[in-house]
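Visitor: For reference, the chains in residue letters:
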Amino acid sequence: MDAQDLSGFPLRLEGDAVPMVSFRKVTKSYGSLVVLDSLDLDVAEGEMVSVIGPSGSGKTTVLRMLMTLETINGGVIYVDGEPLTHMPRGDRLVPADSRHLRRIRAKIGMCFQQFNLFPHMTALENCMEGPVHVLGLSKKEARERSEELLAMVGMTEKRDQHPSRLSGGQQQRVAIARAMAMRPKVMLFDEVTSALDPEVIGEVTNVIRKLVAEHNLTMLMVTHQMGFAKDISDRVCFFYGGRIEEQGTPDALFGHPKRERTQQFLSAVREAI
Amino acid sequence: MFDWRWDFTWDILPRLIAATGNTLLAAGLGYAIAVVLGLALALAQRTPSRALTLVVREAIEFIRSTPLVLQIFFVFYVGPQFGLRLSPWTAGMIAIGLHYAAYLSEVYRGGLDSVPKGQWEAATSLNLSTSRTYFRVILPQALPPSLAGMGNYLVGIFKDTPMLSVIGVAELMHTANAIGSETYRFLEPFTLVGIIFLALSLPTAAGIRLFEAWVRRKLGMV
Ligand SMILES: Nc1ncnc2c1ncn2[C@@H]1O[C@H](COP(=O)(O)OP(=O)(O)OP(=O)(O)O)[C@@H](O)[C@H]1O
Ligand SMILES: [Mg+2]
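Protein chains in written order, with the working numbering: chain A, 318 to 590; chain B, 1393 to 1614.
These are computed hints drawn from the structure, not numbers from a lab. By construction, the Cβ of each residue, glycine as well, lies at the ideal position given by its N, Cα and C atoms. Heads up, a few of these hints could be off.
[Said to hold, decoys possible] Facing chain A, according to a computed beta carbon distance under 7 angstroms, are these residues of chain B, among others:
1) 1403
2) 1510
3) 1514
4) 1524
5) 1532
6) 1535
[Unchecked claim] Away from chain B, derived, C-beta distances all over 10 angstroms, residues of chain A:
7) 480
8) 502
9) 560
10) 578
[Said to hold, decoys possible] Some residues of chain B that are not near chain A, with every Cβ distance over 12 angstroms (derived):
11) 1398
12) 1437
13) 1447
14) 1460
15) 1478
16) 1501
17) 1512
18) 1530
19) 1540
20) 1562
21) 1612
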């Protein structure tokens, strides 16, 4: 991480409405390619935010930084009021060490486009791994929790199957159960339906709808399914060239986009359907 | 021309069979060292320390570019000059174990590299510790693609055990040679050694293939 002046960034966020996730002037670059340019984005507790935009606009990068799969080059990310990428030392912020990362990361869960289930474990074992070995639950507790979640995603019958025996839609539902078993406060979805056949997309989006309805989760979802984003989101962010070009309620952004690039993107997407 | 003597053959067979025990012991011990040490060498190249990676890579290159028999001699005869006086068995096991560890570390490295990046990312997203990630997630998946290479080197180390005879480890070759110098008959002992090696190598290779298939099934990766 580049040496930077962090004196303007608070050690923690305080006050009435502390956002669950807060990106503050976050910059990410690969070599000379600036992928995200001083991004500011707050997500309130319980809010569902969809991220849309053209390929390469930095959508995945936003989620990966929050999951600590990428380091950042500038700015600070806060989760639940505490810095994620940094930690307080004395009266200033320094880059987070691995202990700090592990503590804050525990509040975040993520589902990937390619599912990334552990192929040598059954569906149930995939779900139990984290609760037993990270959260320290007993096998029995972890099993109960996992079975409940597998039931929620409709995978009870397949719980003893390995991923190679499951369809893409089934694997993704197990992956959602696995992430939920860690009881995260924030869930990240990166194009979780993009690798699926059209006829099984519904079984995954229905699970996400259920999560929105039944849990007080904060969610950030990258998607190319505009209809789904419109239905389910509290807010939609349109990314363009590593910046938020426009954001607003689904009705506003899809119904009356203000910016020309948003209009162009949305009409191009509509034509493609 | 051929003067094969059956009575002599039956006489020396028990001695050779006894020596086969030593050959198997040497191969087994050396392999056990190589399997563990090789894994350590492979993992050492994946730490954030660039210096450690470089040192380990150079050491592996060095071992792989020099003959095993030289390494055996070196540990046994040069060791004492550094105050390291080792029995032939100890020196032999160190040399052959280290030699094959270098080769096995390359096999593991390939296996580790074959595990998709998404598996690491899933492990991070579940907040698994580094050691948990290696032992529960990455290594079990690196194993199946490594097994064929590991099997080849098991047969390889077995066939290389005769090199230990140069420092006096009483394995098959050493014993056959001793019989030859005592009796001036080399045809029968050396032929028997060849047959014994063949009889043990072939089923081992077949066994490895079965084991590989079994592991894949066991891990649910078929
Ligand atoms: N590891 C990397 N090294 C170099 N460049 C990268 C790397 N990862 C991403 N990028 C670049 O960063 C930019 C943003 O990538 P990102 O994956 O966030 O885009 P995206 O909006 O998710 O696109 P898509 O819709 O295609 O998934 C792209 O230009 C991409 O090429
Ligand atoms: Mg993406």
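Visitor: Are residue 1535 of chain B and chain A close enough, Cβ to Cβ, to be under 7 angstroms, as the hint says?
Guide: violated (9 angstroms)
Visitor: In terms of Cβ atoms, is chain A entirely out of 12 angstroms range of residue 1437 of chain B?
Guide: holds (20 angstroms)
Visitor: Would you settle whether the hint for residue 1524 of chain B is holds or violated, based on the nearest Cβ-Cβ distance to chain A being less than 7 angstroms?
Guide: Check passed: Cβ of residue 1524 of chain B comes within 5 angstroms of chain A, closer than 7 angstroms.
Visitor: If we take the beta carbon of residue 560 of chain A, is the closest beta carbon in chain B still more than 10 angstroms away?
Guide: Given a closest Cβ separation of 25 angstroms, the condition holds.
Visitor: Residue 1562 of chain B clear of chain A by more than 12 angstroms, beta carbon to beta carbon?
Guide: holds (43 angstroms)
Visitor: Against chain A, run the beta carbon of residue 1403 of chain B and see if the smallest gap drops under 7 angstroms.
Guide: violated (53 angstroms)
Visitor: Checking a non-interface call: every C-beta of chain A should be farther than 12 angstroms from the C-beta of residue 1398 of chain B. Is that right?
Guide: holds (54 angstroms)
Visitor: Does residue 1540 of chain B really sit off the interface, with its C-beta more than 12 angstroms from all C-beta atoms of chain A?
Guide: Fine: 18 angstroms to the nearest Cβ keeps residue 1540 of chain B off the interface.
Visitor: Minimum Cβ separation between residue 1501 of chain B and chain A greater than 12 angstroms?
Guide: holds (20 angstroms)
Visitor: Verify this label for me: residue 1530 of chain B is non-interface relative to chain A, using a Cβ-Cβ cutoff of 12 angstroms.
Guide: violated (10 angstroms)
Visitor: If I take the minimum Cβ distance from residue 480 of chain A to any residue of chain B, is it greater than 10 angstroms?
Guide: Since the minimum Cβ distance to chain B is about 8 angstroms, residue 480 of chain A lies within 10 angstroms and the statement is violated.
Visitor: Since residue 1612 of chain B was said not to touch the interface, does its Cβ keep a gap of more than 12 angstroms from each Cβ of chain A?
Guide: violated (3 angstroms)
Hints 1, 6, 7, 17, 18 and 21, counting from the list given before, are not met by this structure.
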